[in-house]
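These are the residues of each chain, in order.
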Amino acid sequence: MQRLTRHHSSAAEELEVIAPSKLAIENISKRFKGASGAVLALDRVSLNVAEGEFVCLVGASGCGKTTLLNIIAGLEKPDDGTAQADGKPIKGPGRERLVMFQEPALFPWLNVLGNVLFGLKLKPNLTKKDRHDVARYYLELVGLSRFERANIHELSGGMKQRVSLARALAPNPRVLLMDEPFAALDALTREQLYGDLQRIWQARNKTIVFVTHNVREAACLGDRVVVFSPRPGRIREEFGVDLPRPRDINSVDLAVHATEITKALKGYSQPEGAIAE
Amino acid sequence: MKRFLLAALFFAVLLLIWEALFRARIWSPVLLPSPRQVTIYLQSAAADGTLAKATIVTMRRLVIGYIIGLVAGLPLGLLTARWKVWQDTIGTLALGLQTLPSVCWVPLALLWFGQTEAAMLFVVVMGTLWSVVIATETGVRNVPPIYSRAALTMGSKRLHMWLKVILPAALPFIVSGMKQGWAFAWRSLMAAEIFVTILTGFGLGQLLHYGRELSAMEQVIGIMIVIVVIGLMADKIFFSPIEKFLHRRWGTSQA
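These protein sequences, in sequence, are chains A and B.
First residue of the first sequence? That's 1 in the working numbering, and the numbers climb one at a time after it.
First residue of the second sequence? That's 1001 in the working numbering, and the numbers climb one at a time after it.
To be clear, the hints were calculated from the coordinates, so they are not data collected in a lab.
One or more of the hints may lead you astray.
[Unchecked claim] Quick list of in silico lysine-lysine cross-link-like pairs, DSBU-like style, CA-CA up to 30 Å:
1) K1244(B) to K128(A)
2) K91(A) to K77(A)
3) K1157(B) to K77(A)
All chains should be modelled from the sequences, with the hints used to inform the complete structure.
What follows is the structure, given as structure tokens:
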């Protein structure tokens, strides 16, 4: 006889490393109506991301890389084409694909712990204690245990982005979408975060799509670097980066990769009209 | 402690100047009573219960009217921020009526409701409501979109989004609107009480009015002091802690 069991997930269960997602983007186009007429932000873009892969999207501003990220997040809908996560179409935003934005986007009316708890409170079947255990685990992971009671405005830019990372990781998403999260930070803080992010990615096994215009950053973090060209936004070339991890942003091997990618990027980002369509 | 002493000293000096002016006999004692006379009036009014009764009558009008204004104003403000139809109708109306000094509602209220409690409540509600509607609307419109986007990805929607993201994010605006609404309501209520005898209860404004009728200057000044103290207490007990919390959390000042 089948027994009725109450579904209840504990903190330990919540913290288990879960399978990352596979993403399949096919022939996506997206237009925006701007002041100077319609802009083709994405032109028949296709991209596959394997489970647990770290993919970086690079390109000049206006190449549609952020739009693609928003489509994967479910915050925007493509005009044409399909976006799927684990074989299911992406219909809207959902906590299995969490976003880390360029601005921290932390809520100033909550303290650090409150911000990390926000997403957890929206998950059913967690007790208050479970939520606190999970939130504290991630604050520890990003090195901010001592600051759980701090107000957001008291934190430095780097600390804010660590809290953002903890907040995005806490609901245990399968995909982490990062939109130039380190662009506004100083070089030293950034380098620390590169190390932290690689460590956390290996520990938590997430699929990560990371948007940046910094080629070195992309080469340092990504298994694969996808190069976009602007107007219309298209994928031009892909580079595999098979350097051992954790990678140091200042290493010579990395510089070689970065130079190669930069060369490609420059070729595709020439002034308008220079590229024959 | 030092700040407290300094403030106490300041008010003591103020009292001394008052006493000195009284003793100099520049004005007739009928026009300028001494601090002692005012104190004696306040003591007797406190002892025979007139002061407490009047304060309760006035505060009841104010608090009930204010709460009605808040309870109606918040959702109206949210609606006007959310839907164009509401913005074009209620929003425009609120904007227009907010420019109307709320004491202007007194004649209308008296004709509609007579010299009753309802008329006073109406005036207080009109003083509160439109400020709260407009502040809430402005607050919601100023919420950075990134907050709702971040919340959306974490699974927040509809009611949860409004209660846990939009409303708290708009809080600094809403609180300043609440404060303005309070000030408008308090002023218009006093004006109404002074000019109109309300048959259902004698408030502080009426005591002030009768002080004038009887040329009892110590009563006039005594009641004015009570009104000032109530205003100060509302600020210190109710608004100031909220504002301090906002400043601390948002980091908007070193209050």
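Earlier hints that do not hold, by number: The structure conflicts with no hint, since it agrees with every one listed earlier.
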